[in-house]
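Peer 1: Residues per chain are reported as follows:
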Amino acid sequence: MTIRGFEFPTPELPPGIEALRADVRGFLEAEFAAGSWAPQSNFMAGFSAEFSQKLGARGWLGMTWPSRYGGHECSALERYVVTEELLAAGAPVSAHWVADRQSGPLLLRYGSEAQRQAILPRIAAGTCYFSIGMSEPDSGSDLASIRCQAKPADDGWIITGAKVWTSNAHRNHFMIALCRTGPAGDDRHGGLSQFLIDFKADDVAINPIYNLLGNHEFNEVVFDELLVAGDRLIGREGEDWQQVTSELALERSGPERFLSTFRLLVELVRACGPEPDRRAAEAIGRLTAHLVTLRRMSLSIAGMLEAGEMPNVEAAIVKDVGTRFEREVAEVARLVAPVEPARGAPGNEPNYAAVLAESILHLPSYTLRAGTTEIMRSIIARGLGLR
Amino acid sequence: MSRSHSIISEVAERLFRDLAEPEVINRAEEGIWPDALWRSLEQAGLTLAPVPETAGGGGGTFADAVAVLHVAGRFAAPIPLAETMLAGWVLAGSRLGVPKGPLTFAPVDATEAVTFEPEGGLEWRLSGTAHRVPWARDAGHVVVLGEAGEASVVALVEASLLRPEAGRNLAGEPRDTIHFDGLVVGRDKVAAAGPGMGRHSLFLRGALARAAQMSGALERLLELSVGYAGERRQFGRAIAKFQAIQHYLAALAGHAATARAAVDGATSALAGNPEAAVFAVAVAKARAGEAAGEGAAIAHQVHGAMGFTYEHSLHHATRRLWSWRDEFGGESVWNIRLGEQVAATGADALWSLIAER
Ligand SMILES: Cc1cc2nc3c(=O)[nH]c(=O)nc-3n(C[C@H](O)[C@H](O)[C@H](O)COP(=O)(O)OP(=O)(O)OC[C@H]3O[C@@H](n4cnc5c(N)ncnc54)[C@H](O)[C@@H]3O)c2cc1C
Numbered sequence: 001m002t003i004r005g006f007e008f009p010t011p012e013l014p015p016g017i018e019a020l021r022a023d024v025r026g027f028l029e030a031e032f033a034a035g036s037w038a039p040q041s042n043f044m045a046g047f048s049a050e051f052s053q054k055l056g057a058r059g060w061l062g063m064t065w066p067s068r069y070g071g072h073e074c075s076a077l078e079r080y081v082v083t084e085e086l087l088a089a090g091a092p093v094s095a096h097w098v099a100d101r102q103s104g105p106l107l108l109r110y111g112s113e114a115q116r117q118a119i120l121p122r123i124a125a126g127t128c129y130f131s132i133g134m135s136e137p138d139s140g141s142d143l144a145s146i147r148c149q150a151k152p153a154d155d156g157w158i159i160t161g162a163k164v165w166t167s168n169a170h171r172n173h174f175m176i177a178l179c180r181t182g183p184a185g186d187d188r189h190g191g192l193s194q195f196l197i198d199f200k201a202d203d204v205a206i207n208p209i210y211n212l213l214g215n216h217e218f219n220e221v222v223f224d225e226l227l228v229a230g231d232r233l234i235g236r237e238g239e240d241w242q243q244v245t246s247e248l249a250l251e252r253s254g255p256e257r258f259l260s261t262f263r264l265l266v267e268l269v270r271a272c273g274p275e276p277d278r279r280a281a282e283a284i285g286r287l288t289a290h291l292v293t294l295r296r297m298s299l300s301i302a303g304m305l306e307a308g309e310m311p312n313v314e315a316a317i318v319k320d321v322g323t324r325f326e327r328e329v330a331e332v333a334r335l336v337a338p339v340e341p342a343r344g345a346p347g348n349e350p351n352y353a354a355v356l357a358e359s360i361l362h363l364p365s366y367t368l369r370a371g372t373t374e375i376m377r378s379i380i381a382r383g384l385g386l387r
Numbered sequence: 388m389s390r391s392h393s394i395i396s397e398v399a400e401r402l403f404r405d406l407a408e409p410e411v412i413n414r415a416e417e418g419i420w421p422d423a424l425w426r427s428l429e430q431a432g433l434t435l436a437p438v439p440e441t442a443g444g445g446g447g448t449f450a451d452a453v454a455v456l457h458v459a460g461r462f463a464a465p466i467p468l469a470e471t472m473l474a475g476w477v478l479a480g481s482r483l484g485v486p487k488g489p490l491t492f493a494p495v496d497a498t499e500a501v502t503f504e505p506e507g508g509l510e511w512r513l514s515g516t517a518h519r520v521p522w523a524r525d526a527g528h529v530v531v532l533g534e535a536g537e538a539s540v541v542a543l544v545e546a547s548l549l550r551p552e553a554g555r556n557l558a559g560e561p562r563d564t565i566h567f568d569g570l571v572v573g574r575d576k577v578a579a580a581g582p583g584m585g586r587h588s589l590f591l592r593g594a595l596a597r598a599a600q601m602s603g604a605l606e607r608l609l610e611l612s613v614g615y616a617g618e619r620r621q622f623g624r625a626i627a628k629f630q631a632i633q634h635y636l637a638a639l640a641g642h643a644a645t646a647r648a649a650v651d652g653a654t655s656a657l658a659g660n661p662e663a664a665v666f667a668v669a670v671a672k673a674r675a676g677e678a679a680g681e682g683a684a685i686a687h688q689v690h691g692a693m694g695f696t697y698e699h700s701l702h703h704a705t706r707r708l709w710s711w712r713d714e715f716g717g718e719s720v721w722n723i724r725l726g727e728q729v730a731a732t733g734a735d736a737l738w739s740l741i742a743e744r
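Residue numbers (the numbering used here), protein chains in the order written: chain A, 1 to 387; chain B, 388 to 744.
Only chain A is shown next, with the shape it has when bound in the complex (with noise of 0.2 Å):
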């Protein structure tokens, strides 16, 4: 076979989703000019309950779920664009965020039918958000190695272990953590388990973590011999790797992988005026090229994702090239139109300088959250067949 390369074909949208945008941005102009939140187009920047389930109550969250379980069967494409118009504005989506992009998908597949029911409702309603649960202290890209382990018990699972890097898990419901359960076995794939985590319910411990701005966003999560009950098991013992692998493709390809320094742009853009020079003008129209072509892939990824493909490489291009490229835009933008970049006060209006700064803050994690540059290259690499 010769390997020429992956192709992002043009997905066909569905009629009337130009409605559904044009809905969208209504109600976020309203949401906004009622003065909800200051503009950071990096997913996790805003929790608002408050906020998601105004999308819940909209049918904008679970929205290509089956309506049984709360969700509004539409397609792909429809959620990718209310996902990107919510970024684009900045908006607060950090509660709902992982849930509706990656634990409800999950549930939905390879979930049980109790937990389908008592969990998918609430999600789409905006009311129950999650956690990932799969780095840990002595394994980040080497996720097999994780060493969190859920022993049989009579009356469930016995889990003694520690979880690192856990997103908001201070402020979730839930959180799906991936657990040894048995031997790797020759892949270094098998063993492996997802289990639901209670953190209202079940007795663990949530030590924050503060990032180098100084915020409370990630979280140690350690478990103590926590007994579950049976049911808490996600899917078949031991086959989660499958499981695990089928959520990247919805990690890692969606607009979060490329809009996280949009609002900068944004800034820049005004920074620079309507006559820009030269200069200012070719570094603007540079950055908006790779932007549309990534959006376009992502797009397309979208439209893979609703044909039912599991595009796990393309994925892993459009998370390379587009943390790459937000991180660009940061570093463009500081030479075009140079200040010095300071953090602005909570709720303030943002401002080019303010939005340098969080973005120049923010940059190292863009490469790093939902696997690094250097591992989206090795999955790129082994779909050329070199590994």
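Everything hinted at is true.
Which chain A residues face chain B? A few, computed with CB under 10 Å, are given here:
(1) Arg-21
(2) Pro-274
(3) Leu-294
(4) Asp-320
(5) Ile-379
These aren't lab readings, by the way, just hints derived from the structure by calculation. Since we're looking at a predicted model, the values are computed, not measured. Each residue gets a CB set at the ideal place from its N, CA and C atoms; glycine is no exception.
Place chain B with the ligand on chain A using the hints.
Peer 2: Positioned in the frame of chain A, the structure of chain B with the ligand alone reads:
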């Protein structure tokens, strides 16, 4: 790996694979016209793919043309395929007959102009100079685009009357200079340009054509580099086993995919409103041009000294990429146009501008 290849690109692929071999490309660079290749493409109706059948063309769309040009770029086909397609499209749309054989058009530089002055009521006198006209010396006819007063006009001129001065791009493809001074053209060979077929719209389509060729050449770089990395052994193993090489190739796959996606975007936009088309072509040409430079650097790094030889065919792709990225406007030209449009639209409308595309 790739899906849904249209029939037309499969036909093109078969022909190029058989008839655009590296020796053919080398000979073309020495000035030997690849007659067998040209004739086969002409017979298959590919050289005039986007020209209506009533005018002797293939009756296809611009999307078909782009699909063929992508494949042509992959094989470094040493023929004026883009030029013939575009010149034929203008001729047909301007109700001038489309002659057989290779065609080109002039001027290609957006800042150059050829003036048309009426000469005695029956003829036109053309003046001006067009630089870097692709393939002028090999073309049977040159389509000359100009202005007569306010109107865009088109002339069909036999190339033998023009005696082009030979020049080349970095890949050795002809890029010739034509002096029109005093050339008199009969009235039956001059027409008002068809709607939307003035030289600016040709420049735009030329830019998309080069972007499509670049996206094909980038796939060729990936194909050659992945192949070479699997064969070349150092330190007791294939260099493909080194992670540094794997990551280079992954980045190259990203450049190729990005260029292709940008070209696809422009191709669909071309079927819609003209303003959106200008925006999308600017994105495609700028994005593919940037990918060309980065991709070529990676491919050469992976190939080591072997890729720096004349014997290896890598340079057929990379020298073309280094030329094509600057033809019909390089990245800076198109990025500035984009940037000016974005700035004029304003910060608060930036997202609408992007999401409409
Ligand atoms: C803001 C933020 C939020 C996060 N939220 C969550 C969360 O909610 N839940 C969760 O489970 N995790 C979360 N993470 C963790 C994230 O998934 C990990 O950071 C990521 O998987 C990398 O692991 P690591 O940080 O341990 O780095 P390591 O794996 O230790 O990597 C360090 C460096 O070594 C490189 N490296 C590692 N292995 C290889 C290899 N095989 N080849 C080449 N280079 C290699 C990496 O690319 C990187 O450059 C979050 C991270 C961040 C930054």
